[in-house]
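Work out the full structure, taking the sequences as your base and the hints as a guide.
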Amino acid sequence: MGQPIAVGFFGVVAIWFAITVFRTSSMVRSALALLAVMVALGGIFLALEAEFLGVLQLMMMASEMTIMAIFMVMYMMDPGGLGQMEMTHQKRSAGLVGALGALGGVTLAVFVAWGGGATVPTPTGQLRLLGLEIMGRSMLIFETAGVTILVAMIAATAVAIARWR
Amino acid sequence: MTALLFVLLLLIGAYVVTVIERWAVTGRIDPVAPLAGALALLATESIVPRRPDRTLFDAAPVLMLISAVLAAAVLPLTSSGIVVDLATGGLFVNAALVYIMVALVMAGWGADGAYAMVGGWSFLGQLIAYSMLIVMPIAAVAMRAQSLSTVAIVQSQASVWNVITQPLGFVLFVLAAMGASFLPPFDLPNATALAMGVAGEYTGVRLAVFRLGRLVLVVTLATAITVFFLGGWLGPLLPGWVWTPVKTLVVAATLLAGGRYVPRLRQEHLLQWSWKLGIPLALTNIAWVGVTLLAVR
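Protein chains in written order, with our numbering: chain A, 327 to 491; chain B, 1431 to 1727.
Since the hints were derived computationally from the structure, they do not count as laboratory data.
Among the hints, erroneous ones may be present.
[Stated by the list, open to error] Restraint-style ranges between C-beta atoms, simulated for each label pair: (1) A:R454 with B:S1589: 22 to 30 Å; (2) B:A1470 with A:M479: 45 to 53 Å; (3) B:R1480 with A:L422: 38 to 46 Å.
[As the list claims (entries may be wrong)] Computed far set for chain B versus chain A, every beta-carbon distance over 12 Å: (4) L1435; (5) A1468; (6) A1470; (7) A1473; (8) E1475; (9) R1574; (10) V1590; (11) I1594; (12) T1633; (13) L1664; (14) G1670; (15) P1693; (16) L1707; (17) V1726.
Each residue gets a CB set at the ideal place from its N, CA and C atoms; glycine is no exception.
Quick look at the structure:
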């Protein structure tokens, strides 16, 4: 009984902060509200006994969202929202897409036969399985992604240095 | 019961660390000063700066305290004396510590002051410098323990402590821990040159919570060094529940006193040293641990 309540609680928290993202005119508040959404999703992972994914979500999103916040501060005209800048646009189409997405999500949740009673591996077992997956059939995917990101980082640094000089 | 004892120990640890910090600065041991200072702060008016982002300004000190406490909750006092023994304990320490940065950014932004904001954002840069040097040494100690559980990491040091087998990782982790707790010479976010930076706009009870959070953070990181590298509760003669606090206090005293003899680092130098020297050394440490583990097997 505790698990559905925890999942529901974190779900409501995630939706609440997702709405907050668009209700504020401060870029930093918006980014930190998005971080709160991600923290709530991490809470859902933990409630679903996916310990590693939950902790990883909490760890990665904190620095990513804050770095996003500083880029928004650097590039936006009114990062503090003191000028009451309008943050939303294309409201009608965005609302329609949002409503359709929510409807699709609810339909999937309610009408799909998800099954039940699946055995969740122990947290230690999950780590072992994840390690075997990464070092096994998914190794090529992870290595390719890693090298691609590294190349992008080096290229971005090289471009920045070239302009600076 | 374990949770209550844990909170009590953290508070005692924060008190002792304050005494040590004052000794490191003034050269005098004054056991009454922390209590008098705390009472004075609580009695002072908590002034709010002009046009703050009130939510962020108020939430930041609390978030800092909660993050430090959560990180400490997965660190063991003894083999059974731990609040939560997570299978991902080593990773969780790092996850909780990242929110210290979020709290400082919130404190800097929320105060609506130039110095505070520079201090807050500069800690984001500092995180980019030190975070890899937190994660990679933890990965190396987890390799030896074959587990991310902090209890298993201490148990893996029964024959020889990690500080002996992984000296490089130890040095990097200690430096990164000083960076994470913004102790000198890494005290960029609250430097005197920035009029105390992120802490500058706080007064009264908010400043008291901010300082308590910082002190608990120092205790947490000193405990993390003890658990990951100095054998945790393991030691001769004395019982385990004595060894962990004793080692933690020695580490905390070293962290607080050591940095005061080194000039404060500039932001760009910190990043340069960290990325050009620190990360290659951390990778070397991981490779070294891998080779030694294979050789021993």
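So, going through the hints one by one against the coordinates:
1. Taking 22 to 30 Å as the suggested C-beta distance range, the pair R454 of chain A and S1589 of chain B conforms, at roughly 24 Å.
2. Evaluation of the 45 to 53 Å hint for A1470 of chain B and M479 of chain A yields a pass: the beta carbon distance comes to about 48 Å.
3. Look at R1480 of chain B against L422 of chain A: about 42 Å separates their beta carbons, and that is inside 38 to 46 Å.
4. The beta carbon of L1435 of chain B sits about 24 Å from the closest Cβ of chain A, which is more than 12 Å, so the claim that it is off the interface holds.
5. Annotated as non-interface, A1468 of chain B keeps its C-beta farther than 12 Å from every C-beta of chain A; the closest such distance is 29 Å.
6. Here A1470 of chain B stays apart from chain A, with its beta-carbon at least about 32 Å from theirs, past the 12 Å limit.
7. At roughly 32 Å from the closest C-beta of chain A, the C-beta of A1473 of chain B stays outside 12 Å, upholding its exclusion from the interface.
8. With a cut of 12 Å on Cβ distances, E1475 of chain B stays outside the contact zone with chain A, its closest approach being about 26 Å.
9. Non-interface status of R1574 of chain B relative to chain A is upheld: no Cβ of that chain comes within 12 Å, the nearest being about 15 Å off.
10. The beta carbon of V1590 of chain B is kept farther than 12 Å from every beta carbon of chain A, the shortest such distance being approximately 24 Å.
11. For I1594 of chain B, the condition that its CB be more than 12 Å from all CB atoms of chain A holds, with the nearest at approximately 26 Å.
12. Remark: the non-interface label on T1633 of chain B is consistent with the geometry, its nearest Cβ contact in chain A lying 22 Å away (cut-off 12 Å).
13. Residue-level check passed: L1664 of chain B sits 22 Å from the nearest beta carbon of chain A, beyond 12 Å.
14. Separation of G1670 of chain B from chain A is adequate, the least Cβ-Cβ distance of about 23 Å exceeding the 12 Å criterion.
15. Every CB of chain A lies more than 12 Å from the CB of P1693 of chain B, the least distance being 27 Å, so the non-interface label holds.
16. Annotated as non-interface, L1707 of chain B keeps its C-beta farther than 12 Å from every C-beta of chain A; the closest such distance is 17 Å.
17. Residue placement check: V1726 of chain B keeps its beta carbon more than 12 Å from all beta carbons of chain A (closest about 20 Å).
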